[in-house]
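Number of protein chains: 2
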Amino acid sequence: MTRQQLIDAIKTRKSFLCVGLDTDLKKIPQHLLKEENPIFAFNKAIIDATAPYCVAYKPNAAFYECQGLKGWEALEQTVEYLRKNYPDHFIIADAKRGDIGNTSKMYAATFFEQMNVDAVTVAPYMGKDSVTPFLGYEGKWVILLDLTSNPGSQDFQTVTDANGMPLWERVLRVSSEWAGTDQMMYVVGATRGRAFEDIRRVVPDSFLLVPGVGAQGGSLEEVCKYGMTPDCGLLVNSSRGIIYAANDESYAEAAAAAARDLQQQMETLLPF
Amino acid sequence: MTRQQLIDAIKTRKSFLCVGLDTDLKKIPQHLLKEENPIFAFNKAIIDATAPYCVAYKPNAAFYECQGLKGWEALEQTVEYLRKNYPDHFIIADAKRGDIGNTSKMYAATFFEQMNVDAVTVAPYMGKDSVTPFLGYEGKWVILLDLTSNPGSQDFQTVTDANGMPLWERVLRVSSEWAGTDQMMYVVGATRGRAFEDIRRVVPDSFLLVPGVGAQGGSLEEVCKYGMTPDCGLLVNSSRGIIYAANDESYAEAAAAAARDLQQQMETLLPF
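These protein sequences, in sequence, are chains A and B. Note that the working numbering has the first sequence beginning at 1, numbered continuously upward. Note that the working numbering has the second sequence beginning at 1, numbered continuously upward.
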């Protein structure tokens, strides 16, 4: 999906919500366990219920991998279902990959050829040649980890160099030379508040994928106040707050209500 | 596998060789493509041929994932085959994972419960809570990326802070507080030469997983001169140089010869 198509989807649906599909067999309604593939059955119902209120879905690879073959199959089925039924939704494989060039090439083939998602989250530690193999696909995106919402983000991401530049800023500056704002986004945690101002000074136009609203305590208003651009420039993710809004037979309705609630807040915060 | 068991294996086999199973359908002998699962058939033959000369195997997850379900199945079969037939060999899932705590927990379950390998490579960028979920398993290891062999390692890993400490050194110092030398190793590229001296000043006893000998141009003698400890403290990986030593029907014999050649060099370099 191109940048313009993504912006158009945000305008049409008046939403910049990304629904995180962190689907966990232990947390889904237990009546689904009798389905042939409970993970896919759950995802399908969640997607059908929330699609009008969001522009993106983000399956988290770890939750599928830990179910072995059955999980990997459910991930493929979920992406295929989205591609076929919701072609205007942006699909992010949240996989945090990154390795030397010939290996990153294989990961890129996995997600962009084998699975055909729109974007993959990538870790920056190994530098340019670990990221560029993901950039060889038209309309496909790298979403690079930058300043995350977890406590451990303080261990390395915020360390400053001799000139006072923190690592997260160097990651933005250096990686901006590898791709334009039509192929590269960044992960910035919602708990970062005013740090969004500093980030916008470095990457004024880049899209940011923002996890951490809801369960992790980030504020949607604050993220928008400091991080929004004239094109919106934000994809705000919510996972547990939507998909586990209820865990009985009303789970899909409850997910729709939670997604609609966020969409309505977003509508008031959009610049168009 | 415990640290003592690993050291014992090195002593018994007079080898600290790790064989990298970067199995690529395009590169394996083409007569194998008629097998039901060519990737597993290739791995099985390579393992049987090289096991006397090595102490570890390192399947690279990317090469399996990019084949979809069939690839994931081949990875599971390979680990199962190793577990059953070569219980004294150390198995590393080279997966470069790392995410917020509840997600890393899922990755740890994937590799340590679902697949039962001995170690997983992990990326440090997200800090402590992205790594510690992998440390909750007795006899299982984290192999943290530290100073890699690829050109992009210069982008962030070697950046120094206000006190002149490079990021790779901070990663060693900070992560040493998360686990002891019986649960944490580090990836250091073989092309680093004398940098091993600096690394040994910070982590004198830790095992290092060293890729980059062979295809990437690192020197075994130099790695040993500057990086070896009284316990050996090294696992030197070779992938392409062994598994693709020939690509006709003699591939397994050629792999055995390449592995034996490295083992014989290693025998002369060991401190015991």
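No lab work stands behind these hints, which were simulated from the structure alone. Don't take every hint at face value.
Identical copies go unnamed one by one, so any copy, or any two together, can satisfy a pair.
[What the hints assert, rightly or not] Listed next, the in silico EDC-like pairs over lysine to aspartate or glutamate satisfying Cα-Cα at most 20 Å (straight line):
#, residue 1, residue 2
1, K14, E36
2, K70, E80
3, K70, E197
4, K105, D24
5, K44, D24
6, K26, E113
7, K140, E267
8, K105, E36
9, K84, E177
10, K27, D161
11, K84, D24
12, K105, D161
13, K26, E177
14, K26, E197
15, K105, D88
16, K26, D8
17, K44, E221
18, K140, D24
19, K11, D198
20, K105, D248
21, K26, E267
22, K128, D248
Each hint, compared with the structure:
1. When the C-alpha separation of K14 and E36 is checked against a cutoff of 20 Å, the pair qualifies neither within a copy, at 36 Å, nor between copies, at 50 Å.
2. For a Cα distance limit of 20 Å, the shortest separation of K70 from E80 qualifies both inside one copy, at 15 Å, and across copies, at 17 Å.
3. In this assembly of identical chains, the alpha carbons of K70 and E197 never lie at most 20 Å apart, being 43 Å within a copy and 46 Å across copies at closest.
4. Taking the shortest Cα distances, K105 and D24 sit within 20 Å of each other only across copies (12 Å), while inside one copy they are farther apart (29 Å).
5. For the homomeric pair K44 and D24, the shortest alpha-carbon distance inside one copy (14 Å) is at most 20 Å, but the shortest distance between copies (33 Å) is not.
6. Taking the closest pair of Cα atoms, K26 and E113 come within 20 Å of each other only across two copies (16 Å); inside a single copy the shortest separation is 31 Å, beyond that limit.
7. In this homomeric assembly, K140 and E267 never come within 20 Å of each other (Cα to Cα): the closest approach is 27 Å inside a single copy and 48 Å across copies.
8. Taking the shortest alpha-carbon separations for K105 and E36, neither the intra-copy value of 33 Å nor the inter-copy value of 25 Å comes in at or below 20 Å.
9. For the identical chains of this complex, K84 and E177 are neighbours neither inside a copy (34 Å) nor across copies (48 Å), given an alpha-carbon limit of 20 Å.
10. For the homomeric pair K27 and D161, neither the shortest alpha-carbon distance inside one copy (43 Å) nor that between copies (43 Å) is at most 20 Å.
11. Taking the closest pair of Cα atoms, K84 and D24 never come within 20 Å of each other, the shortest separation being 24 Å inside a single copy and 30 Å across copies.
12. Taking CA atoms no more than 20 Å apart as the test, K105 paired with D161 passes in neither setting, with 31 Å inside one copy and 32 Å between copies.
13. Within a single copy, K26 and E177 get their C-alpha atoms no closer than 43 Å, and across copies no closer than 32 Å, so neither meets the 20 Å cut-off.
14. In this homomeric assembly, K26 and E197 never come within 20 Å of each other (Cα to Cα): the closest approach is 39 Å inside a single copy and 48 Å across copies.
15. For the homomeric pair K105 and D88, neither the shortest alpha-carbon distance inside one copy (26 Å) nor that between copies (32 Å) is at most 20 Å.
16. Taking the shortest Cα distances, K26 and D8 never come within 20 Å of each other, neither inside one copy (37 Å) nor across copies (40 Å).
17. In this homomeric assembly, K44 and E221 never come within 20 Å of each other (Cα to Cα): the closest approach is 30 Å inside a single copy and 56 Å across copies.
18. Within a single copy, K140 and D24 get their C-alpha atoms no closer than 27 Å, and across copies no closer than 24 Å, so neither meets the 20 Å cut-off.
19. In this assembly of identical chains, K11 and D198 lie within 20 Å of each other by CA distance neither inside one copy nor across copies; the values are 26 Å within and 54 Å between.
20. Taking identical chains as interchangeable, the C-alpha atoms of K105 and D248 are never at most 20 Å apart, the minima being 42 Å within one chain and 25 Å between chains.
21. Taking the closest pair of Cα atoms, K26 and E267 never come within 20 Å of each other, the shortest separation being 34 Å inside a single copy and 50 Å across copies.
22. Taking identical chains as interchangeable, the C-alpha atoms of K128 and D248 are never at most 20 Å apart, the minima being 46 Å within one chain and 35 Å between chains.
When the structure is compared with the earlier hints, violations turn up for hints 1, 3, 7, 8, 9, 10, 11, 12, 13, 14, 15, 16, 17, 18, 19, 20, 21 and 22 and for no others.
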